[in-house]
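Using the working numbering, you'd call the opening residue of the sequence shown number 1 and step up by one each time.
With a cut-off of at most 25 Å between alpha-carbon atoms, the simulated BS3-like pairs for lysine-lysine come out as follows:
| hint | residue 1 | residue 2 |
| --- | --- | --- |
| 1 | Lys273 | Lys171 |
| 2 | Lys241 | Lys168 |
| 3 | Lys267 | Lys171 |
| 4 | Lys168 | Lys267 |
| 5 | Lys209 | Lys168 |
| 6 | Lys85 | Lys143 |
| 7 | Lys314 | Lys303 |
| 8 | Lys303 | Lys85 |
| 9 | Lys36 | Lys47 |
| 10 | Lys303 | Lys47 |
| 11 | Lys286 | Lys160 |
| 12 | Lys273 | Lys241 |
| 13 | Lys171 | Lys160 |
In case anyone wonders, no lab produced these hints; they're calculated from the structure.
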Amino acid sequence: MKLPDPLNALLDAFYEGDPGYGLTGRYPWYTAGTIKEGISALRRVLKDFIPEKNTSAYHLFFHCDDFIPFESLPTLLYLLSQGHKIYYLPAERHPITEKIFQSLSVLMETFSAFTPQKKEMTDAYITDMHFTAPDQDRYFDKKPSLFLPRTGAVGILTGKENLASLQKLAKDIVSFFGTGKGNVKKLFVPEGYHFQTLLNCLDEFCELKDYHPYNNRYRYASSIYLLHRQPFFDNQFLIIKEDTTPLAPVACVFYETYTDEQMLEEKVNRHRKVCYSIYSEEGWFKDSLPFGNSSLVNYEVDKRVMTFIQNGLKGA
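Could you put the whole structure together from the sequences, leaning on the hints where they help?
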């Protein structure tokens with residue numbers, strides 16, 4: 001699917017210029033580097049994308065908080081290409097995404113952003129924002145809704161991976177500061193696994209510790225784990241800690257161990273509903289992608305939204 005020329009021109013301006021502004025508040029992860037990486041990934045994803053035909057068109061209210069630049073754009077373009085009418089409301093306006101979505105409003109009559117939307121005109125709500133039960137009734141008017149929780153990816157290691165694969169995994173962990181749905185937040189490793197080689201690969205991204213919003217989260221996590229005397233591996237900007245929790249916070253990666261392939265499958269299966277994707281070396285594990293695909297996964301059309309639409313606005 002080809003991006004409209006005006007959107008391409010706007011992305012070119014962001015890519016060639018210095019878009020590192022507005023980096024405080026709710027959007028500390030919008031830096032010149034992440035914006036440029038996001039634009040590159042976005043174009044690769046959309047280059048060969050052919051949307052499926054859809055016979056039913058809906059009025060959809062899209063209320064999301066893009067943690068990484070332009071994260072929701074491929075999903076919105078997918079829905080628009082199917083004939084759906086979209087009302088987009090971000091959690092908070094950001095100067096970069098605001099320009100993109102205002103341009104999209106001008107280009108497509110079926111898309112509007114930042115303007116009031118009547119509830120009676122809405123068929124369903126799609127959001128990644130948390131609401132209490134009373135708020136759901138008030139905001140969603142008991143219409144069908146899809147909640148998109150923040151999620152991440154799982155990485156599977158056997159201990160036999162080559163250096164190139166571990167270097168790709170390292171980028172899958174830290175690209176976009178680890179905040180995208182395609183970033184690895186949980187590892188499964190064999191018992192007795194040695195993390196030193198992976199930590200050495202991660203050292204390539206040591207400049208992360210110079211970025212204050214990221215470093216603050218690293219220091220906070222390390223102080224909490226030290227206070228509670230919880231062991232972890234550390235390279236001064238990333239923590240690797242054994243924990244059964246599915247998703248680790250920023251500046252951390254959790255891991256669990258396994259003794260055989262059956263145990264590995266059981267543990268991975270318990271995480272499938274809460275993790276967006278799975279990676280392994282060359283994609284050897286069932287339903288997994290090869291290491292090095294996090295940027296593309298971050299910008300693919302959200303599978304949960306596709307399922308929701310294909311099921312006639314029923315749960316994904």
